[in-house]
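Novice: Residue-level listing of the chains:
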Amino acid sequence: MRADGTGTSPAVPAGAPGGALMGGARTVLGLGREDRREHLRGLPSGLAIRLYSAMTHLRAFDERAVILQRQGVIGTYPTYFGEEAVQAASVLALEDRDWLFPTYRQTAVVTLRDCPSVVPLLLWRGHPGGWHDVMRYRVAPICIPVATNYPHAVGAAWGARLRHEGWVALAYGGDGSTSAGDFHEACNLAAVVQAPVIFLVTNNQWAISTPIVKQTRVPRLAEKAAAYGMPGVRVDSFDVFACYEVIQEAAERARRGGGPTLVEAVGYRLGPHGTADEPSVYRDPRADLLWAPMEPLGRTEAAVVEAGVAAPEQLLELRSRAFQELRDVGDRLGELPLPSVEELADSVHRDTPWPLRPERLYEPSWARLEQTPPWS
Amino acid sequence: MVEAIGRALAQVLADDADALLMGEDIGVNGGVFRATAGLQQRFGDDRVIDTPLAEAGFVGAAIGMAMVGLHPIVEIQFDAFVYPAFQQLVAQAGRFRWRTQGKYGLPLVIRLPYGGGTRAPELHSDSPEALFSHMPGLRVVIPSDPQSAGELLLAATRCGDPVIFMEPKRMYRRGRQEVFAEFSAGDLEAAAIVRQGGDLTLVAYGAMVEVALAAADELAADGVAARVLDLRSIYPLDRDQLLAAARDTGRVVVVQEAPRHCGVAGEVAALLQEEAADAMLAPTLRVTGMDMPFPLFQSEDQALPSVPRVLAAARAAMDY
Chain A
1 MRADGTGTSP AVPAGAPGGA LMGGARTVLG LGREDRREHL RGLPSGLAIR
51 LYSAMTHLRA FDERAVILQR QGVIGTYPTY FGEEAVQAAS VLALEDRDWL
101 FPTYRQTAVV TLRDCPSVVP LLLWRGHPGG WHDVMRYRVA PICIPVATNY
151 PHAVGAAWGA RLRHEGWVAL AYGGDGSTSA GDFHEACNLA AVVQAPVIFL
201 VTNNQWAIST PIVKQTRVPR LAEKAAAYGM PGVRVDSFDV FACYEVIQEA
251 AERARRGGGP TLVEAVGYRL GPHGTADEPS VYRDPRADLL WAPMEPLGRT
301 EAAVVEAGVA APEQLLELRS RAFQELRDVG DRLGELPLPS VEELADSVHR
351 DTPWPLRPER LYEPSWARLE QTPPWS
Chain B
377 MVEAIGRALA QVLADDADAL LMGEDIGVNG GVFRATAGLQ QRFGDDRVID
427 TPLAEAGFVG AAIGMAMVGL HPIVEIQFDA FVYPAFQQLV AQAGRFRWRT
477 QGKYGLPLVI RLPYGGGTRA PELHSDSPEA LFSHMPGLRV VIPSDPQSAG
527 ELLLAATRCG DPVIFMEPKR MYRRGRQEVF AEFSAGDLEA AAIVRQGGDL
577 TLVAYGAMVE VALAAADELA ADGVAARVLD LRSIYPLDRD QLLAAARDTG
627 RVVVVQEAPR HCGVAGEVAA LLQEEAADAM LAPTLRVTGM DMPFPLFQSE
677 DQALPSVPRV LAAARAAMDY
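Protein chains in written order, with the numbering used here: chain A, 1 to 376; chain B, 377 to 696.
Calculated directly from the structure, the hints in this document are not laboratory data.
Heads up, a few of these hints could be off.
[What the hints assert, rightly or not] Okay, the calculated beta carbon distance ranges per label pair:
#1 A:Gly129 x B:Asp392: 53 to 59 Å
#2 A:Arg286 x B:Asp394: 52 to 58 Å
#3 B:Met666 x A:Arg136: 23 to 29 Å
#4 A:Leu361 x B:Gln572: 43 to 49 Å
#5 B:Gln553 x A:Pro339: 18 to 24 Å
[Said to hold, decoys possible] The list that follows gives simulated cross-link-like pairs (lysine to aspartate or glutamate, DMTMM-like), each with its CA atoms no further than 20 Å apart:
#6 B:Lys479 x A:Glu342
#7 A:Lys214 x A:Asp284
#8 B:Lys479 x A:Asp133
#9 B:Lys479 x A:Asp351
#10 B:Lys479 x A:Glu343
#11 A:Lys214 x A:Asp133
#12 B:Lys479 x A:Asp346
[What the hints assert, rightly or not] Computed from the model, here is a short list of chain A residues facing chain B with C-beta under 8 Å:
#13 Val73
#14 Ala140
#15 Pro145
#16 Pro353
The C-beta atom is built at its ideal place from N, Cα and C for all residues, glycine as well.
Based on the sequences and whatever the hints tell you, model everything.
Specialist: Below is the structure:
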């Protein structure tokens with residue numbers, strides 16, 4: 001309802017999963033039962049379990065973060081419920097020396113590189129200890145303005161190419177980010193210099209309340225790749241095995257000198273934009289019901305069990321361990337003391353300039369401490 | 377000055393294998409001001425790189441390069457062409473060290489030819505130093521002559537944090553000066569007294585230093601000994617030298633070609649009135665550009681601070 005009382009009705013439900021919207025998207029879970037079983041059994045030993053375990057960890061992190069936000073322990077939090085498959089695949093399909101450039105929606109991918117979960121949770125609590133060690137994990141700080149991280153990934157990957165270091169970079173984004181100028185400039189530059197970079201765009205059809213049809217006239221975002229002279233591929237964002245495959249292929253191409261790839265992981269935003277968002281204001285909740293069966297964790301679990309790659313008890317054990325770990329982390333979150341403003345000020349420059357030194361942070365001391373002005 | 381900058385860049389490329397230059401038309405063409413003339417031939421197109429015409433893209437890419445250990449030096453072709461890259465600089469570059477709890481920095485230099493006095497088209501004469509000096513995490517440096525340009529550029533490349541290195545392009549081919557064969561790194565936070573005097577201080581930077589020096593000459597004829605303080609560092613300001621000038625002379629006039637509102641001159645005046653009001657014999661006066669788009673071509677003389685305007689302000693301060 002607008003302020004003038006005219007109101008707008010919620011958008012009609014988006015196309016059902018599996019229909020035209022997912023057209024051309026690579027799938028493994030969507031294969032026939034026999035093909036699917038064969039595919040999963042043909043995976044490298046332990047990979048299916050590792051992917052499932054990573055997804056479970058991401059889910060546990062996300063659910064705990066939402067609870068902590070409701071409890072007032074952390075501030076506004078951008079949930080990624082439903083993106084566990086594409087996110088887990090993006091980390092596991094790459095090597096540890098490859099760089100990741102996340103946005104606020106991939107706040108926990110760094111924990112798949114052994115960064116303790118407490119670190120990104122602290123970030124949402126406003127604690128500077130929440131900034132992970134960028135060089136240790138080779139994961140850039142999260143970018144809040146969407147698309148600003150794309151050029152960073154291009155530059156980093158370009159640097160790797162200039163120095164013949166053989167690693168690749170992957171930048172995350174959503175459908176809305178493809179409307180931003182930085183997306184265009186980054187894609188263009190990456191293709192021109194053949195930077196070994198992967199643009200992983202998760203098209204969940206919604207940028208807060210803006211549906212994809214108001215974002216672009218090219219609903220298949222992968223097609224935009226053609227304009228830059230690079231390959232564009234679509235994949236089911238809820239399918240961890242297909243995402244793994246597509247991202248690994250893009251990484252291999254990049255490593256071989258084949259340049260950048262635009263990967264469109266297509267799906268639907270199963271949750272709200274964040275803890276401060278209420279989707280029923282702008283989209284028909286019936287669409288959520290259509291997409292709910294695509295929820296990736298349960299889908300993966302079913303496929304893995306069906307293929308006989310893992311026993312249900314094993315998966316249950318992984319799941320409970322992840323949730324218990326995150327509960328413990330959450331319980332300890334409030335215990336870390338906040339650093340002083342003097343310490344914060346000392347982290348802005350290598351050589352802290354005088355305006356940020358402790359004695360200059362506030363008003364002149366005679367004013368702050370109600371002492372005598374120097375000239376009285 | 378433009379030759380000094382080119383020599384300093386060559387020195388950096390020769391000394392530091394991780395350093396590289398990026399920008400529009402800087403390769404074969406040597407840059408529109410020829411600051412990088414001959415450098416691509418000497419160091420190769422992997423070290424002196426022509427980029428697509430996309431400032432946000434290549435400044436963003438330079439941020440990514442700096443993150444992984446390269447030392448990019450980016451040339452923005454003209455003043456206002458930096459605006460598309462503003463977000464990358466203020467929302468990303470300046471915040472990186474803070475986002476790593478102080479642990480890692482971005483060794484990134486943005487070279488930005490700026491300012492009026494060159495009879496240029498629109499958006500080729502802006503002075504956006506106040507914008508960058510207002511935003512946390514960036515250093516802003518402006519040389520005024522060839523020697524300071526070489527020394528400060530060298531220091532900027534070693535500072536470990538992003539530096540907005542603004543080059544007063546009006547000075548590119550003025551004020552020829554013998555410079556040392558090899559530059560040593562200057563002090564990134566230090567102003568320089570370029571003329572001694574005890575009656576009044578003219579604070580200036582960039583191309584305005586020349587104007588202030590010319591005004592000081594005329595004041596000397598009137599028996600007024602004007603000190604000229606070349607700020608050089610816009611962020612941080614050289615607080616010690618500014619307070620010393622205020623205490624020594626009691627009268628200060630600040631000259632800048634940027635628009636007046638929320639400018640560097642206002643910051644200098646605020647600092648002096650907060651911390652040296654007891655020493656002041658007159659209000660600190662500002663001689664500045666105007667709060668309007670910079671006038672084009674032949675109109676620019678009406679807007680640029682001139683010797684007569686500086687003299688008028690100086691005399692008003694003396695007569696106070």
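Novice: Checked against the structure, which of the hints given earlier come out wrong?
Specialist: 1, 3, 4, 5, 11 and 13
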